[in-house]
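Student: Line order of the protein sequences matches chains A and B.
Counting with my numbering, you get residues 46 to 301 for the letters of the first sequence.
Counting with my numbering, you get residues 6 to 260 for the letters of the second sequence.
What the hints contain is simulated information worked out from the structure, not anything from laboratory work.
By construction, the Cβ of each residue, glycine as well, lies at the ideal position given by its N, Cα and C atoms.
Keep in mind that the hints are not guaranteed to be accurate.
What the hints assert, rightly or not - What follows is a set of in silico ranges between Cβ atoms, one per label pair, in the way DEER data are often shown:
1. R256/B <-> S153/A: 48 to 58 Å
2. T299/A <-> R169/B: 32 to 42 Å
3. E70/A <-> K166/B: 42 to 52 Å
4. A231/B <-> L214/A: 21 to 31 Å
5. W165/B <-> V117/A: 36 to 46 Å
6. L96/B <-> R120/A: 51 to 61 Å
7. G163/B <-> A298/A: 21 to 31 Å
8. S87/A <-> T97/B: 48 to 58 Å
9. R93/B <-> L275/A: 53 to 63 Å
10. E163/A <-> L16/B: 50 to 60 Å
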Amino acid sequence: MTRIELEGVSKSFDGREGKLEVLDEISLSVQPGEFVSILGPSGCGKSTLFSLLTGIEPADAGTLLAGGEPLVAGRQPFAWMPQDDVLFPWRTVLGNVALGAEVAGGCSRSQARARALELLPTFGLEEFADSRPFQLSGGMRQRAALARTVAQGHDVLLLDEPFGALDALTRTDLQLWLEQIWERERWTVVLITHDVREAVLLSDRVYVLGPRPATVRLELEIPLPRPRTLETLADPRFAALEHELLTALDVGATTA
Amino acid sequence: MRQLGRLVPALLVIALLLIVWQLYSTLSAVGSDLLPAPSRVASAGWADRSSLWDNLLPTAREVALGFALSLSFAFVLSILLDRSQAVRRALTPVLIGSQTLPIIVLAPLVVIWFGFGLTPKILLVALVTFFPLLVGLLEGYASTARDAMTLMETMGAGWWKTWRLVRLPSALPSFFTGLRISVTYAVVAAIFAEYAGAELGLGIYMQSAKNSFRTDLVLAAVIICALLTLALYALTFALQRLVMPWYAQSRERPS
């Protein structure tokens, strides 16, 4: 298991109107087995942070450590799950899940399929192994995409607004489902989201990023007991935490 | 049965055209030698069926071999162009230029260079058909979802693996569009090449029929060419179903 540390990480892009500063000295850490959310407004650079972690973009300054060692492109410990499920229509559900093991895990094709087959029940997809992605509901597609992410066999799951494209009811449903299986599996998760309730419901800790250039505005422990269920949403502490995060994000400031 | 039902409108249109043609050529003053009625085209064609068959086979072979060359060329080239911006910039003008060559002028030249055998026909068919295939493939690669590319990159897949697992399958719908445009050119190109010089083939058959004023046999050969193209066109759909069964299924359901 790998501990992730970011120390003073900055990133800017050369845009048409000069330098565009996206991340400004971001420091954060993720312990093994911890569920950490990064909460911020749209366009604050959350996804840029992911590009740095996955090695797609280099950081301008600062250090990124995994298990105390600098991140090496191509050998990073992250499995990325995009917002759009990116399930390939030419592969079955099993084939899509196996892709994670085959490409990232370096398994042979048959090993990858065996690994995927083991994973499907965890994600409630065992009956849909031979279905095509378009035959699944939106919620099932996201579960399949998460299964593919887990199949990569990396230490840390990077979930990039995984439920952002779903309708509100399906989203809540999946959040509760994810909480349930996370209790069992205890993956190390970094979740990027702009959904405050999602962050409170699922996380051990939340980092709040401000608008561009993003800095860490707040680091908040979520001490709510686990397992968290639908009842957790009615907990007065839940509302208080939600309020604290929204305040840190200046939500409502323009109308006050 | 539903499949057959969908053919009814097309068959009706063809029947209507044949009736108009038949009436015009029997009732007007054009003369049945200049414009033979479809009934006469059919009976003359039937009478000469063994010769038509003997000439159809070489044409079909040229189309098949030309297409095989065209497909291989388009695939290899598409990979090179997709792989490297520099290659793409260097070759694109030449490739587009190749499509402006007037085939009517080029066909006799190719025969002068390569003789009366199979080679000039294959080359001409390939020249005329590779471009829609290439464009279809390139546009198809470009249509690959950005997130899919990012996903492959974060999983550490190299260029080749990404091409094989994501870019090629993504390009297939667009490739088949190009293929359908291509096949409609293929037979015409073979005929052109034969017209410029051949021993056997529908092109040379038409030419000699024309030279002996057998307009009925010319038209019979034309109809066979049309049927050949229709058959090839239908074949692309069969092939598409075989290669990408998921495509038709995913379109049947609104999601």
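Student: Now look at each hint and say whether the structure bears it out.
Tutor: Going through the hints against the structure:
1. R256/B <-> S153/A: 48 to 58 Å: violated (33 Å)
2. T299/A <-> R169/B: 32 to 42 Å: Because 50 Å falls outside the window, the suggested range is violated.
3. E70/A <-> K166/B: 42 to 52 Å: Violated - the Cβ-Cβ distance for E70/A and K166/B, about 36 Å, lies outside 42 to 52 Å.
4. A231/B <-> L214/A: 21 to 31 Å: Given a distance of about 56 Å, which is not inside 21 to 31 Å, the answer is violated.
5. W165/B <-> V117/A: 36 to 46 Å: Violated - the Cβ-Cβ distance for W165/B and V117/A, about 22 Å, lies outside 36 to 46 Å.
6. L96/B <-> R120/A: 51 to 61 Å: Since L96/B and R120/A have Cβ atoms about 36 Å apart, the given range 51 to 61 Å is violated.
7. G163/B <-> A298/A: 21 to 31 Å: violated (48 Å)
8. S87/A <-> T97/B: 48 to 58 Å: violated (38 Å)
9. R93/B <-> L275/A: 53 to 63 Å: holds (55 Å)
10. E163/A <-> L16/B: 50 to 60 Å: With Cβ atoms ~54 Å apart, the hint holds.
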